[in-house]
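Peer 1: Each chain, letter by letter, is given below.
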Amino acid sequence: MENRNKVELHKISKVFLNGDSCEAAIEEVSLSVKENEFLVLLGPGECGKSVLLNIVAGLMEATSGEVYINGELCGGIHPEVGMVFQELGVLPWLTVRDNVALPEKFRGMSKKDRYAHGQEFIDLVGLHGFEKYYPHQLSGGMKQRVGIARAYASDSDILLMDEPFGKLDAQTRYSMQDEILKIWNQNKKTVIFVTNNIEEAVYLGDRIILFTAAPMSVRRIYDLKDLPRPRNYTDEKFLQIRGEINRHMDLVIQ
Amino acid sequence: MEERNKLEAAAGKLRFERRRERQKALLLGIISIFIFLTVWQMLCTLHIVGENVLVSPIKVIQAIWIKAGDTRPDGNTLLQNILSSFRLVLIGFGLALVIGLPLGLLMGWYRPLDKFIRPIFEIIRPLPPIAWIPIVIVILGIGTAAKSFIIFFTTFVPIVINSYTGIRETNQVYINFAKTCGYSNWRIFRTVGIPSAMPLAFAGMVIALGNGWGTLVAAEMLASNSGLGYMIFMGRSYGRIDIIIAGMLVIGLIGLALTAALELIEGYVLKWRIKEK
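In order, the protein sequences belong to chains A and Y.
Here the first sequence is numbered in our numbering, starting from 2 and rising by one per residue.
Here the second sequence is numbered in our numbering, starting from 2 and rising by one per residue.
Hints listed in this document are in silico derivations from the structure and should not be mistaken for laboratory results.
Every residue, glycine too, gets a C-beta built ideally from N, C-alpha and C.
What you were told as hints is all true, and nothing was included just to trick you.
Only part of the chain Y face toward chain A is listed, based on derived beta-carbon distances under 8 angstroms:
#: 1; residue: Val174
#: 2; residue: Tyr175
#: 3; residue: Phe178
#: 4; residue: Lys180
#: 5; residue: Thr181
#: 6; residue: Cys182
#: 7; residue: Gly183
#: 8; residue: Pro196
#: 9; residue: Trp273
Every beta carbon over 12 angstroms from chain A, so not counted as near; a handful from chain Y, in silico:
#: 10; residue: Leu15
#: 11; residue: Ile62
#: 12; residue: Leu80
#: 13; residue: Ile92
#: 14; residue: Val139
#: 15; residue: Thr145
#: 16; residue: Gly240
Quick list of in silico lysine-lysine cross-link-like pairs, DSS-like style, CA-CA up to 25 angstroms:
#: 17; chain 1: A; residue 1: Lys113; chain 2: Y; residue 2: Lys180
#: 18; chain 1: A; residue 1: Lys238; chain 2: A; residue 2: Lys183
#: 19; chain 1: A; residue 1: Lys226; chain 2: A; residue 2: Lys35
#: 20; chain 1: Y; residue 1: Lys180; chain 2: A; residue 2: Lys189
#: 21; chain 1: Y; residue 1: Lys272; chain 2: A; residue 2: Lys112
#: 22; chain 1: Y; residue 1: Lys180; chain 2: A; residue 2: Lys168
#: 23; chain 1: A; residue 1: Lys133; chain 2: Y; residue 2: Lys272
#: 24; chain 1: Y; residue 1: Lys180; chain 2: A; residue 2: Lys190
#: 25; chain 1: A; residue 1: Lys226; chain 2: A; residue 2: Lys183
#: 26; chain 1: A; residue 1: Lys190; chain 2: A; residue 2: Lys168
#: 27; chain 1: A; residue 1: Lys35; chain 2: A; residue 2: Lys189
#: 28; chain 1: A; residue 1: Lys113; chain 2: A; residue 2: Lys133
#: 29; chain 1: Y; residue 1: Lys272; chain 2: A; residue 2: Lys113
#: 30; chain 1: A; residue 1: Lys112; chain 2: Y; residue 2: Lys180
#: 31; chain 1: A; residue 1: Lys35; chain 2: A; residue 2: Lys190
Could you build all of it, start to finish, from the sequences and the hints given here?
Peer 2: Now the structure itself:
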């Protein structure tokens with residue numbers, strides 16, 4: 002089943018109304034994601050990657066184009082799609098375990114089952130012992146772990162990650178990258194990971210799709226399946242790919 | 002082991018310093034009140050102001066003491082007056098809470114409802130509570146209903162505005178997350194919107210309760226036969242300055258206690274919030 006297309010985007014375009022004028026954010030982006038693939042969407046800041054991800058998640062409507070999930074046309078929120086958000090989407094009034102159990106709550110699971118189910122993922126992200134903590138008692142990295150545990154516990158096959166490590170300090174970021182790969186190896190899911198960081202993209206991705214600045218379109222696709230894991234930031238091959246992507250990435254002054 | 006002891010010692014020192022800091026703050030507060038009372042007492046004992054204008058704090062405390070068992074001059078003991086006022090404020094505030102909180106939250110969440118109710122609310126909002134008194138007398142007469150309505154009105158506006166603003170400021174990321182879980186809009190309103198709105202809504206309740214208690218005297222201007230506001234008015238009629246000031250003091254102290262009680266509840270309900278030191 003490795004070769005089945007889990008997610009397919011067909012000529013997605015998005016236009017925003019800015020005052021009275023139209024502004025194109027995404028121009029005819031088509032791509033497909035294989036089952037259990039770790040796909041990285043890489044592009045300069047503000048280029049529309051998050052918009053694209055929101056369209057896949059069903060939170061935004063595309064102006065034109067279609068999203069297919071498991072080969073079926075999808076027109077909104079899909080139960081198989083979970084999301085880890087850019088800004089910590091962890092609810093501050095719930096404890097760690099209540100946060101993790103939240104998606105299951107909707108499916109009508111009993112409290113005991115939800116906690117038991119969530120515990121597995123709390124342990125997986127290394128938050129054992131912090132179940133009853135409130136988010137404000139945790140560090141940024143720990144909060145992001147809660148977000149990941151929650152997305153994993155939701156039993157969605159497809160995980161969308163919108164720059165999940167963007168707000169973390171460099172050191173925490175490196176360790177979270179290792180963490181996410183570890184979790185992904187133990188519990189394979191289809192991941193679409195958005196970032197504007199080339200190193201992060203090369204470190205994580207099975208495949209990288211490089212986008213242009215807004216209006217966003219596909220510039221290049223890099224297949225990194227053959228780059229062995231765990232990868233090393235200072236490896237010659239790694240640096241070569243990094244340099245190659247760097248030359249093709251648009252510079253945006255923000 | 003030695004390291005540990007060193008840390009303990011340092012922590013102990015910090016704790017000690019913090020305690021000192023708090024004691025200092027408390028001491029300053031006490032000194033401030035003490036100076037205030039002394040100056041007041043001096044003004045009276047040195048006859049700088051006459052007895053018919055201001056009575057000394059000692060006399061005021063005496064008046065409170067006597068009033069606890071004496072029904073003169075207004076026909077009620079102090080406790081009866083307190084309970085009467087309390088009842089009025091609780092009815093008005095309770096009603097404002099039961100109606101205003103859901104209204105503000107729903108208006109903040111559902112745009113059409115907002116657009117529908119907003120115009121009426123915006124016209125009513127700037128009206129001072131006192132301006133309602135004549136029409137309230139015409140419609141509701143002069144009983145408990147009329148007085149509670151005045152309190153209701155003063156407390157209603159801040160409760161609505163704060164719960165409205167609170168829910169409007171719900172983090173879009175939380176809403177999006179709930180959406181990806183497949184939650185319905187009504188369910189997102191309950192599980193994400195309402196908790197997000199609570200900190201501001203509570204701030205609104207504190208303001209409302211303060212306002213409501215403060216409007217008491219005005220509300221009891223409507224022919225009453227009990228209450229702290231009524232007691233003050235009767236004190237004026239009989240030229241009893243001690244009763245007037247005693248009434249003011251009791252209103253102030255109870256207002257303080259009510260706010261403190263509400264903040265205590267807030268601290269418990271919103272224990273997930275970041276505590277500011």
